[in-house]
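Under our numbering, the sequence shown has 30 at position 30, and the numbering climbs by one with no breaks.
Watch out, some of these pointers could steer you wrong.
Said to hold, decoys possible - Have a look at the derived ranges for each label pair, beta carbon to beta carbon:
hint, residue 1, residue 2, range
1, 40, 9, 28 to 38 Å
2, 9, 62, 36 to 46 Å
3, 64, 35, 36 to 46 Å
4, 39, 90, 34 to 44 Å
5, 37, 9, 30 to 40 Å
6, 36, 60, 19 to 29 Å
7, 33, 84, 21 to 31 Å
8, 49, 9, 20 to 30 Å
9, 8, 40, 34 to 44 Å
10, 90, 62, 29 to 39 Å
Hints listed in this document are in silico derivations from the structure and should not be mistaken for laboratory results. Remember, it's a predicted structure, so these values are computed and weren't measured experimentally. The beta-carbon is built from N, C-alpha and C at its ideal position, and this holds for glycine as well.
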Amino acid sequence: MAAKKRQGGLAVLFHGVGFLFAAMLVLHLLFLLTGFASDGPLAGSVAQAAEPLALFFPGLLSVDAPALQVLLDYGLAACFWVLVGGLLGRVFA
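Could you build all of it, start to finish, from the sequences and the hints given here?
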(Lines of atoms letter the chains of each structure in order from A and count residues from 1; the text may use other names and numbers.)
(Lines give C-alpha, C1' and ligand atoms only; values in the text may rest on other atoms or scores of the structure.)
Protein backbone atom coordinates (compact mmCIF):
# COMPACT_ATOMS: atom_id res chain seq x y z
CA MET A 1 0.00 0.00 0.00
CA ALA A 2 1.47 3.33 -1.05
CA ALA A 3 1.80 6.04 1.56
CA LYS A 4 0.31 9.41 0.68
CA LYS A 5 2.93 12.11 0.31
CA ARG A 6 2.39 15.03 2.66
CA GLN A 7 2.53 18.49 1.07
CA GLY A 8 4.74 21.23 2.44
CA GLY A 9 3.46 24.60 3.59
CA LEU A 10 4.56 26.42 0.47
CA ALA A 11 2.69 23.98 -1.78
CA VAL A 12 -0.49 24.45 0.23
CA LEU A 13 -0.03 28.22 0.02
CA PHE A 14 0.24 28.12 -3.78
CA HIS A 15 -2.80 25.85 -4.08
CA GLY A 16 -4.78 28.13 -1.78
CA VAL A 17 -3.85 31.36 -3.55
CA GLY A 18 -4.69 29.87 -6.95
CA PHE A 19 -8.05 28.72 -5.62
CA LEU A 20 -8.74 32.11 -4.01
CA PHE A 21 -8.00 33.95 -7.26
CA ALA A 22 -10.21 31.56 -9.22
CA ALA A 23 -13.02 31.88 -6.67
CA MET A 24 -12.88 35.68 -6.93
CA LEU A 25 -13.16 35.46 -10.72
CA VAL A 26 -16.05 32.97 -10.59
CA LEU A 27 -17.87 35.16 -8.07
CA HIS A 28 -17.45 38.16 -10.37
CA LEU A 29 -18.65 36.07 -13.30
CA LEU A 30 -21.76 35.04 -11.38
CA PHE A 31 -22.45 38.61 -10.34
CA LEU A 32 -22.24 39.75 -13.97
CA LEU A 33 -24.44 36.97 -15.30
CA THR A 34 -27.14 37.33 -12.65
CA GLY A 35 -27.09 41.14 -12.56
CA PHE A 36 -26.47 41.13 -8.80
CA ALA A 37 -26.53 44.75 -7.55
CA SER A 38 -23.64 45.93 -9.68
CA ASP A 39 -23.63 49.28 -7.89
CA GLY A 40 -23.48 47.64 -4.45
CA PRO A 41 -20.35 47.56 -2.31
CA LEU A 42 -19.91 43.76 -2.44
CA ALA A 43 -20.14 43.51 -6.22
CA GLY A 44 -17.95 46.58 -6.60
CA SER A 45 -15.24 45.14 -4.37
CA VAL A 46 -15.32 41.80 -6.16
CA ALA A 47 -15.16 43.53 -9.56
CA GLN A 48 -12.26 45.70 -8.43
CA ALA A 49 -10.34 42.60 -7.30
CA ALA A 50 -11.28 40.45 -10.30
CA GLU A 51 -10.38 42.86 -13.10
CA PRO A 52 -6.59 42.68 -12.62
CA LEU A 53 -6.77 38.92 -12.01
CA ALA A 54 -8.36 38.39 -15.44
CA LEU A 55 -5.01 39.35 -17.00
CA PHE A 56 -5.17 39.21 -20.81
CA PHE A 57 -8.19 36.89 -21.04
CA PRO A 58 -10.97 39.50 -21.54
CA GLY A 59 -11.23 39.97 -25.28
CA LEU A 60 -8.89 37.09 -26.10
CA LEU A 61 -11.75 35.26 -27.81
CA SER A 62 -14.72 37.19 -29.14
CA VAL A 63 -18.22 35.81 -29.56
CA ASP A 64 -21.55 37.47 -30.31
CA ALA A 65 -23.43 36.33 -27.21
CA PRO A 66 -22.69 38.60 -24.20
CA ALA A 67 -23.25 35.85 -21.62
CA LEU A 68 -20.88 33.51 -23.41
CA GLN A 69 -18.33 36.32 -23.71
CA VAL A 70 -18.38 36.84 -19.92
CA LEU A 71 -18.05 33.09 -19.38
CA LEU A 72 -15.05 32.91 -21.70
CA ASP A 73 -13.34 36.02 -20.33
CA TYR A 74 -13.51 35.17 -16.64
CA GLY A 75 -13.89 31.39 -16.87
CA LEU A 76 -10.64 30.98 -18.78
CA ALA A 77 -8.87 33.24 -16.31
CA ALA A 78 -10.22 31.19 -13.38
CA CYS A 79 -9.01 27.96 -15.03
CA PHE A 80 -5.62 29.58 -15.57
CA TRP A 81 -5.24 30.46 -11.88
CA VAL A 82 -6.29 26.96 -10.77
CA LEU A 83 -3.70 25.45 -13.14
CA VAL A 84 -0.94 27.85 -12.10
CA GLY A 85 -1.64 27.28 -8.41
CA GLY A 86 -1.66 23.52 -8.92
CA LEU A 87 1.56 23.51 -10.95
CA LEU A 88 3.40 25.74 -8.50
CA GLY A 89 2.09 23.59 -5.66
CA ARG A 90 3.51 20.49 -7.32
CA VAL A 91 6.84 22.14 -8.02
CA PHE A 92 7.25 23.29 -4.42
CA ALA A 93 5.79 20.15 -2.81
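So, against the hints stated earlier in the document, which numbers end up violated here?
Structure breaks hint 3 only.
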